[in-house]
Every structure is written in C-alpha cells, then in structure tokens.
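Student: Sequence:
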Amino acid sequence: MMMKTTHFALSALVAAMTIVGLSIPVAAEDGIDVGGAVRVNYAYKDYSEASKDKGGDLTFDMAAIKFNGKKGDWGLSAEYRFTSSTDYIKYGYGYYDIDTDWQLQFGINKVPFGNPGFISNSFWFGIPYYLGFEDDHDIGIKAVYESNSWHTDLAFYKSPEYGPGENKRYATDLYTGTINGTEYHNEETNQLNLRQTYKFEHAGGSTTVGGSVQVGQIYNSKTGNTGDRYAAALHLDSSYNGWNLQLQAMQYEYDAADAADPNKIGVSVVSWQYEIASKGQSYSANIAKIVSTDWGSLKFYNDFGLMTPDVEDQSYDDSLQNVTGVAIAAGATYTMIDFIMGKNMTFSTANNDHVGLPEMGDDWDKRVNINFGYYF
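Residue numbers (mature numbering (1 follows the signal peptide of the UniProt record, and there is no 0)): -28 to -1, 1 to 348.
Incorrect hints may have been included.
Here are the computed lysine-lysine pairs in the DSS-like style, where the Cα-Cα straight-line distance is at most 27 angstroms [what the hints assert, rightly or not]: (1) K17 to K315; (2) K130 to K194; (3) K261 to K171; (4) K26 to K315.
It should be emphasised that the hints constitute simulated quantities derived from the structure, not laboratory data. As the structure is a computational prediction, the values presented were derived from the model and not from experiment.
Please put together the full structure from these sequences, using the hints given.
Tutor: Quick look at the structure:
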C-alpha cells in the first residue's frame, strides 16, 4: 500500500528548486509525496501610463499541485498549474531506475538543453526561455546517466506537450496561427537531444562545464512539407563560497519549409504568441551571491542576456535583457523581487513584442516584478 505524505514546510533549498520548477524526482522510500504552491504577483511597468497611475497591479499568479514518488524502481513526477485564465500541465512523467547510474524517463519531461537547471536566477528567466531553449518540457523518452563527475542526457521527443495552435503552455514552442498578419503553420516533431556535462570539485565549491546539441524537424501542416531546426550551446555553472557564475553561448536556427518570411518564425508561451528571428545567437552571463540568515537565505543576482539575429534581412536588431534582483527564502515562502530592463525584447518592452526583429525606437524599457509564493 502506498503512503501519502503532505509537506507543509520546505527548506530554503527545496523552495528555491520549486520556484523555478526544477523537476527532480525525490522520494526516500516507497510512497507518493503530494505538494504544491500558491503564488501572487505584483507588476509595475515604467513604460505604461495606466500602470504608473495605479501604482502597479497585484494579481493572482498561479496555484500548482505536485506529485513525486516511487514504488520499487518505478516512480513518477508531475506538476499541474492553475492560473486565473487557464490551466496546463508543466511536466508529468514516469521513470525507471535501471541501476544506480541510469534512469529512464518517459512522458512530458524536461528537455536537456543548456545549463543544467536554468540559465537564469530570476522569476523572469533568461532570453533562451523566450526562444524555446530554457526549462522546456516535451513528450518523449529520456535516458539519464550519472556517475562520479559525469552526467549525460540523451532524449527523443515526438512533439511538444500541447498542439501547435495552443498558446496556453508553460514553456515556449513553435506556433500555428496568425501573428501580426503573418500566417504560420509550423509544428515541432522528431527532436533529438544530447547534453554532456562534467563537474569539477574544488576548494569552496564546484564548477560544471558542458555542451548541448538539439536537432529536430518542422512540419508544415498546410503544405505537408518538412523543414528542420537545430541548436547548440556551451555552458558553465561555477560556485565558490556562496558566489555563483553562469555563462552560456548558443547558436540556433529554425529553417521552416514554405515559410512566408524565412527571417522570422512564430512561437507561443503563457497564453501569448510572438515572433522571433529564425536564426541567431544568444549569450547569457549571470552572477549571484547567497547569504544565509537565521531565518532562511537571500540570493542577490544579476542576469544579463543578449540575442543577436543572424538572418538575411539586415534591418533585424539585437535584443537585450538585464534583470537585477533578490530572492528571499523564509520557511515555506519564496519571494523574488526583480528590476527588469529590456531593449527590443518581448514581455519587457512597450513596443517590441518580439525577439531579434527590427526595433521600434531605441530605448531601454523598465519594469518591477515581485512574485511571492507559499509552498507546501
């Protein structure tokens, strides 16, 4: 008989892992752990007169329920989220521990690409998230190998977690629909991922270095033809005496068949859709400092991202984003206070709802975001 346990208090580490959605199945013995979260969000947009007139907006962010557990060598891990306007699955997969080194995951699991975990510290994520390459979850099978300092992920994904015409999703995927007058008929399919990392232990901390490769197809549902896509990245995550440094450089290309405009492609995430340059590079440089207290911890950070388009249309411009913030872990709560600056960047600018397309204006827009979460 399976035991059911509910945890009403989490350590600062577990809270920090949960807020960013790190889906590592953990269960000390046979049984299912049931947990979840409730979050509210405050947003102030310096570029919005309505937001300034009201002094910002405080809204319900989401509620989530999570399941993690094992029975023998078999286990499951899942999270489902509810917002004010929709609900969706973040991840949900079963897994089998082949031996002490190998695990097999099947279902909606996290795509192994880029820095393990995240290439960001903030609630706002990094630029790779908005391109489809950070904290993505798709439907497929993944083999995970970990022994000593080596970690290998090898995966095949048949499709995203939702269909191409759906924009109510947690992570960014290709979109079928009309955006700014351009019709897109693209579907992600048949994706392969390989990520290899090595962890160096040293005085005061550790450093993980690695590389990632992703290849896949793009099916055009209107013409029946198939294009292709790829991405590659080098990444580093180093910790020393409470300090953390993350670096990543990546190259990507979406080569869609029968594209109306080969310079751009449509994507969707969190109930919205926008366009990105179909080819480019993304660079991330993040630094953080963790300060322990007698009631929890503080993590101060600055996340910087740059995206450089690499398309034939020379009018396309760089996109930049910088997030300075602090994360406060106290008991079962986790609060992230972010000051976001964006230039030619979706979600953080007034007139540039895209990534890497021609810029309207030449300004850095600013906003403040505070996300408070209670985890159980």
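Student: For each hint, tell me whether it holds in the structure or not.
Tutor: Status of the hints after comparison with the structure:
At roughly 14 angstroms between alpha-carbon atoms, K17 and K315 fall within 27 angstroms of each other, so this suggested pair holds. Between K130 and K194 the alpha-carbon distance is near 19 angstroms, which keeps this suggested pair within the 27 angstroms criterion. Between the alpha carbons of K261 and K171 the distance comes to roughly 20 angstroms, so the proposed pair stays at or under 27 angstroms and holds. A hinted pair counts as satisfied when its Cα atoms are at most 27 angstroms apart, and K26 with K315 qualifies at roughly 24 angstroms.
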